[in-house]
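For this one, chain A is given, so just place chain B on it according to the hints.
Chains as they are written, first to last, in the working numbering: chain A, 362 to 780; chain B, 3 to 338.
You may find that some hints are simply not true.
Pairs of lysine to aspartate or glutamate residues, derived as DMTMM-like cross-links and limited to a Cα-Cα distance of at most 25 angstroms, are as follows [stated by the list, open to error]:
#1 K44/B - E501/A
#2 K189/B - E560/A
#3 K44/B - E607/A
#4 K760/A - E501/A
#5 K189/B - D630/A
#6 K180/B - E501/A
#7 K180/B - E560/A
#8 K180/B - E607/A
#9 K415/A - D148/B
#10 K189/B - E431/A
Simulated coverage check for chain B against chain A, where a stretch passes if three residues somewhere in it have a Cβ under 8 angstroms from a Cβ of chain A [said to hold, decoys possible]:
#11 151–161
#12 182–194
Hint data in this document are derived by calculation from the structure and do not stem from the laboratory. For glycine and all other residues, C-beta sits at the position ideal for the given N, C-alpha and C.
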Amino acid sequence: MKKTYLGTISALALMTTGGMAFADAHSGPLKVGILVTLEGTYAVPGEDGVRGIKLAMEQAGNMAGGREIELTTVSTDTTPDSAVRGARKLVEQDGVDIVIGPLSGSEGIAIRDYSKTQPDVTFINGISGAQEATYVDPSENFFRYNMEGAQWSAGLGDYVVNEKGYKTVATIGEDYSFIYTQVLGFAIGFCQAGGEITERFWVPLGTKDFGSIIASLPDDVDAIYLGLGGGDAVNFLNQYQQAGGEANLIGGTIMVDGTVLNSKGSAKDALIGVPSSGPQADTYDGEKWVAYVDAYKEMFPDGFPTPSLFATGYYNSTNAMLQCVEQVGGNLGEGQADFRDCLKNLQLDAPNGMITLDENRQAIGTNFITEVQEQPDGTLANNVVNVVDGVDQRLGLSKEAFDAIGLPSRDAPECKTSY
Amino acid sequence: MRLFATRHPVWAAIIAVVAAILLWMIFAVWPDGLEDVIGRKKVFLNALFNGITLGGLYFLVASGFTLIFGLMRNVNLAHGSLYLLGGYVGYFAAEATGYWLLAFPVAFVVVGFFGILLQVLVFRRMEGEDLRQTLVTIGISIVVADLMLWGFGGDFYNITPPQWLSGPMDTFFVTAVKSSGEPVFMKYPMVRIVIFAASVVVGVAMWLALNKTRIGMMIRAGVDDRDMLSATGARIQIVFVGVFAFGAGLAGIAGVVGGTFQSIAPGEDIRFLLASLVVVIVGGMGSIPGAALGALLIGLAEQFGSVYFPTYAVVLTFLIMVVVLAFRPQGLLGRA
Numbered sequence: 362m363k364k365t366y367l368g369t370i371s372a373l374a375l376m377t378t379g380g381m382a383f384a385d386a387h388s389g390p391l392k393v394g395i396l397v398t399l400e401g402t403y404a405v406p407g408e409d410g411v412r413g414i415k416l417a418m419e420q421a422g423n424m425a426g427g428r429e430i431e432l433t434t435v436s437t438d439t440t441p442d443s444a445v446r447g448a449r450k451l452v453e454q455d456g457v458d459i460v461i462g463p464l465s466g467s468e469g470i471a472i473r474d475y476s477k478t479q480p481d482v483t484f485i486n487g488i489s490g491a492q493e494a495t496y497v498d499p500s501e502n503f504f505r506y507n508m509e510g511a512q513w514s515a516g517l518g519d520y521v522v523n524e525k526g527y528k529t530v531a532t533i534g535e536d537y538s539f540i541y542t543q544v545l546g547f548a549i550g551f552c553q554a555g556g557e558i559t560e561r562f563w564v565p566l567g568t569k570d571f572g573s574i575i576a577s578l579p580d581d582v583d584a585i586y587l588g589l590g591g592g593d594a595v596n597f598l599n600q601y602q603q604a605g606g607e608a609n610l611i612g613g614t615i616m617v618d619g620t621v622l623n624s625k626g627s628a629k630d631a632l633i634g635v636p637s638s639g640p641q642a643d644t645y646d647g648e649k650w651v652a653y654v655d656a657y658k659e660m661f662p663d664g665f666p667t668p669s670l671f672a673t674g675y676y677n678s679t680n681a682m683l684q685c686v687e688q689v690g691g692n693l694g695e696g697q698a699d700f701r702d703c704l705k706n707l708q709l710d711a712p713n714g715m716i717t718l719d720e721n722r723q724a725i726g727t728n729f730i731t732e733v734q735e736q737p738d739g740t741l742a743n744n745v746v747n748v749v750d751g752v753d754q755r756l757g758l759s760k761e762a763f764d765a766i767g768l769p770s771r772d773a774p775e776c777k778t779s780y
Numbered sequence: 003m004r005l006f007a008t009r010h011p012v013w014a015a016i017i018a019v020v021a022a023i024l025l026w027m028i029f030a031v032w033p034d035g036l037e038d039v040i041g042r043k044k045v046f047l048n049a050l051f052n053g054i055t056l057g058g059l060y061f062l063v064a065s066g067f068t069l070i071f072g073l074m075r076n077v078n079l080a081h082g083s084l085y086l087l088g089g090y091v092g093y094f095a096a097e098a099t100g101y102w103l104l105a106f107p108v109a110f111v112v113v114g115f116f117g118i119l120l121q122v123l124v125f126r127r128m129e130g131e132d133l134r135q136t137l138v139t140i141g142i143s144i145v146v147a148d149l150m151l152w153g154f155g156g157d158f159y160n161i162t163p164p165q166w167l168s169g170p171m172d173t174f175f176v177t178a179v180k181s182s183g184e185p186v187f188m189k190y191p192m193v194r195i196v197i198f199a200a201s202v203v204v205g206v207a208m209w210l211a212l213n214k215t216r217i218g219m220m221i222r223a224g225v226d227d228r229d230m231l232s233a234t235g236a237r238i239q240i241v242f243v244g245v246f247a248f249g250a251g252l253a254g255i256a257g258v259v260g261g262t263f264q265s266i267a268p269g270e271d272i273r274f275l276l277a278s279l280v281v282v283i284v285g286g287m288g289s290i291p292g293a294a295l296g297a298l299l300i301g302l303a304e305q306f307g308s309v310y311f312p313t314y315a316v317v318l319t320f321l322i323m324v325v326v327l328a329f330r331p332q333g334l335l336g337r338a
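Isolated chain A, as found in the complex (with noise of 0.2 angstroms):
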């Protein structure tokens, strides 16, 4: 009696699981997996990026192929090994066949890495953003939809030298290694355009006394470019207001994204007129993208007065992964072939330009050239004054010239007219 009800039991029990396995495959909800931070400091722009992953969904009606998609999230802190935790029950506790995410840029390289031990797995970065995550030993089912640190800063250099007519800067940055890139990105567009850097300054990163740096800029430059974010940003402006500071200022990414313009306070005052660039412009007029905010505001009243590139890169991450789910009819193929091919070729209209991806699955997009200014209504947003398209990785130089530059550094790269 006893072996018989065993028997049944286990029998039962293969069925089902052979069973779910067979749905798996080809019906039934397909599991995909999400990264992001929503602890810590980073978890404000990381519930903007689950904004953008529930934008997708509703416009997709959360279905893709004819299969339903059955979304679970996991908070990271932005630290490397919180990723790869995360990353792990997703993959090895929850069984998804997608991830997306994550949002940091170190966490970013350890899930590449990661994503080697998992070829079954398809990864597609959520908004990291070090160069080295493509560039540097690239995974084969590791995609990544948004540009990186340099790519960011393309274009700035030059409209500086040419619109602007700064010459000389100097650079102050935080010490790691997202602003290395950016400074790298701009350095180059910069320095060929026929202008000099005389000195870079780096500080610690979570820098909230910059009193003594602010005393020991130089006078005698045309510019500070800041390659600072957060809190570190807003206390600089604060403090360099209050120094009666009065350099023109050439801002990084994160120097003038929504954290720091919509911070409470007169310290971002001082960014009224700065030039900056990133892969999204607040003003921008183009049809996708103006579709792209009103649908934001509309489906999150509370969310920031515009979707932040949090937001952006999530929306753009889900929405690549839904349309190849689609291509494909919902049957991702052996090892995920199919559904991997059509992401490599994948011509993404996002609303922020056109997005194709390079032999390392690095995207190659739009950036724009921005000028903070002050709103009707008394805020203040990124006016686009230039767009660039077609921005790769390597900055338009050869394979070559590119590396011979080397990883950015602290004063990696050069300042040269030609590399």
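Same frame as chain A, but now just chain B:
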């Protein structure tokens, strides 16, 4: 002072020489050779002044912390949350009324009241149980941090000082001499000077209150021997509540100060808890002059570090802590 000089003639001489060199560096016009070695005088003077003003802010936060610890042997790890709460309250008070100065009393009262709640509802129930108090305050700080994130969002708040305080003022320190022989005077942010003056006033007032008044006498007696004090008939619970409220209120005021020349955001609570822990460990637990000395040292270390060796600036404060713990574990002015 004379006593110190007769007892430690070598140390007294060293201190005098250092003070003389410092004074010379502040007031003299630097010769070219010196500028080549350690950079422009403007940078040095700014680092010195910024270090002192930053020390003023750290003192405001840490003095409340050390006062509470000294009297009640009570490590309040929710002190950073009180700082952050004060910043938010101050921002909204200043924004609603338009008077920056009003932010200070409002933050003091609101945060002080919060401190009273903490003392009456939490600490009184677990008197003398150090470990429990520590764990409970860590828990409270986490809950309060999340509540504030929920209520105020993750935005950066910046309290705008009034017009007469914004911008720089001219000082009488000469930083350089132009080729025409005309001296260049240093400009320094007005708001930092005012804030530093305020923290000196608070510090002196606290010292006077502790050393010259009856209540101060009771508090000092409580620091030395709590049981004996209560046995003499002093109503120690009321003293406790008062000191806790005052310490919390000071943290609230520090929040307004911090929000004015830095910014207020989630995460600042931990940063200032850590800063006040370091200050208090360096200066000596429970000592107000110790908190002042520790705050000054840490502020100067951060500012000089940030210009002269930026890469290691973060380590410097902890290095000071390690050295102090190694050679004088009770803190510079602490009692063993």
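Here is how each hint holds up against the structure:
no.	hint	result
1	K44/B - E501/A	violated (54 angstroms)
2	K189/B - E560/A	holds (23 angstroms)
3	K44/B - E607/A	holds (17 angstroms)
4	K760/A - E501/A	holds (20 angstroms)
5	K189/B - D630/A	holds (21 angstroms)
6	K180/B - E501/A	violated (62 angstroms)
7	K180/B - E560/A	holds (23 angstroms)
8	K180/B - E607/A	holds (21 angstroms)
9	K415/A - D148/B	holds (24 angstroms)
10	K189/B - E431/A	violated (60 angstroms)
11	151–161	holds (count 8)
12	182–194	holds (count 6)
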